[in-house]
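Given the sequences, and given the hints that come with them, work out the whole structure.
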Amino acid sequence: MIRVQAEDFDIGVELKKLTAGDASIGGLCSFVGLVRDMAGSDEISAMTLEHYPGMTEKALTDIEAQAQERWPLNGTLIVHRYGRLQPGDQIVLVAAASAHREAAFEACHFLIDWLKTKAPFWKLEDTPDGGQWVDARDTDAAATDRWLQPGISVPTDADSAE
Amino acid sequence: MIRVQAEDFDIGVELKKLTAGDASIGGLCSFVGLVRDMAGSDEISAMTLEHYPGMTEKALTDIEAQAQERWPLNGTLIVHRYGRLQPGDQIVLVAAASAHREAAFEACHFLIDWLKTKAPFWKLEDTPDGGQWVDARDTDAAATDRWLQPGISVPTDADSAE
Amino acid sequence: MKIMYFAWVREMTGKPEENIELPEGLATVHQLVAWLKLQDDVYQRAFADESMIRVAVNQEYVSGDGPISNDDEVAFFPPVTGG
Amino acid sequence: MKIMYFAWVREMTGKPEENIELPEGLATVHQLVAWLKLQDDVYQRAFADESMIRVAVNQEYVSGDGPISNDDEVAFFPPVTGG
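Protein chains in written order, with the numbering used here: chain A, 1 to 162; chain B, 1001 to 1162; chain C, 2001 to 2083; chain D, 3001 to 3083.
Careful, some of the hints might be misleading.
[As the list claims (entries may be wrong)] What follows is a set of in silico ranges between Cβ atoms, one per label pair, in the way DEER data are often shown:
id, chain 1, residue 1, chain 2, residue 2, range
1, C, K2015, A, D129, 40 to 50 Å
2, C, S2051, B, G1083, 58 to 68 Å
3, C, P2023, A, A141, 31 to 41 Å
4, C, N2058, B, D1145, 24 to 34 Å
Hint data in this document are derived by calculation from the structure and do not stem from the laboratory.
These numbers were taken from a predicted model, which means no experiment stands behind them.
Note that beta-carbon positions come from the ideal geometry of N, C-alpha and C, so glycine has one too.
Structure below.
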């Protein structure tokens, strides 16, 4: 399930919907990204998230599908906001539910890593020197690439009941 | 922050409390463990969680302290239930908030891995053959041990702004 | 062809999108960029460092030699920074 | 000394806890267990496979040669299965 919206979201409500009625879920891992008041050494008073309507939804749907292909998941969720946000505001929620804890953790980590380099969002930060577009980071590209290594193990169903 | 209780918890409320008022948090990772209706091949109709009051709180406090020593964290949370639970019920919530996404993920993963082999809880499952104490699993011991490897990297503050 | 610009690429071209008639003989993204640069200085500046530009054709990432046609939606933008 | 039992160890001893006067000369967990086994068959059965028993003294994990004294709270239980 993916959603792109200007409004804030309630983590509890979102996760409840994701797991409701499925008692075969043993583990639910989620990650929330928030606006920090500091980035590097510039103080951030606010930021604006621009995105590419249409392509964003396609990209997020594709990222979810890839996670579900790699791990045995009961459900996944991506909610991403756009528009003007303040320090402390929630930007994104990703979550993965599985029978098994390792699958939930790895899939959730994968979702945010891939989203960061593949979903068409751009951050414009308000700084004391005016608006500044955030640069893409090498560490994010590396975080994405690590999921492409042949060594990444996909847990089997057999030996890791939650 | 740790809590041991019979009552259910609201993930959204708990996580809100954990991050409230701290705009230096960039990432919040959480994990919820739930009662599955199947464990191995036996159908589970319910389970009872016994614990060791006093030692439980000590053990959880110690696990939190170790996470905070290993990663740069703004906050951590462990809420664990005891008593009688039904399939689909929430058992445990662990969460870690940090400026950085990798630290939040790793610390959250560490919290649940260590809790599983160190916190004095025991699960008694109702099965068609009567009550059965759940056996400790080798995979949980291995998951704990991996955090003892000298190769486990602790992310530095420098190059991974959220 | 619909061309879209996002983030600082949009700011540099001065418009979020435009419709053009794709000239005969332009078959790849590279060729389209080269042609745009000939039309106006704003494209010269926006595409000065092509290594900083990402391209999507019909909302899928493509490389510079990706094929284009007059019915396509082509988008130019910087590396993404969401999440 | 307060001795506590949890999970199936509690079921096998038939009690969640008991208070005993620690006999002179018992200085380690191992020695306590050996002494308990002499007192009653239920301890023989509960501690039959000591590799399945974990021990905490004053709510901290200890090994079999961990020291004990009459003022301690000693707990015996199976490997934990929470989370």
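These are the hints, each one checked on the structure:
1. Distance hint check for K2015(C) and D129(A): the Cβ-Cβ separation is about 25 Å, which falls outside the suggested range of 40 to 50 Å.
2. In this structure, S2051(C) and G1083(B) meet the distance hint of 58 to 68 Å, their C-beta atoms being roughly 60 Å apart.
3. A hinted range of 31 to 41 Å holds for the C-beta pair P2023(C) and A141(A), which are about 35 Å apart.
4. A beta carbon spacing of about 49 Å between N2058(C) and D1145(B) contradicts the range 24 to 34 Å that was offered as a hint.
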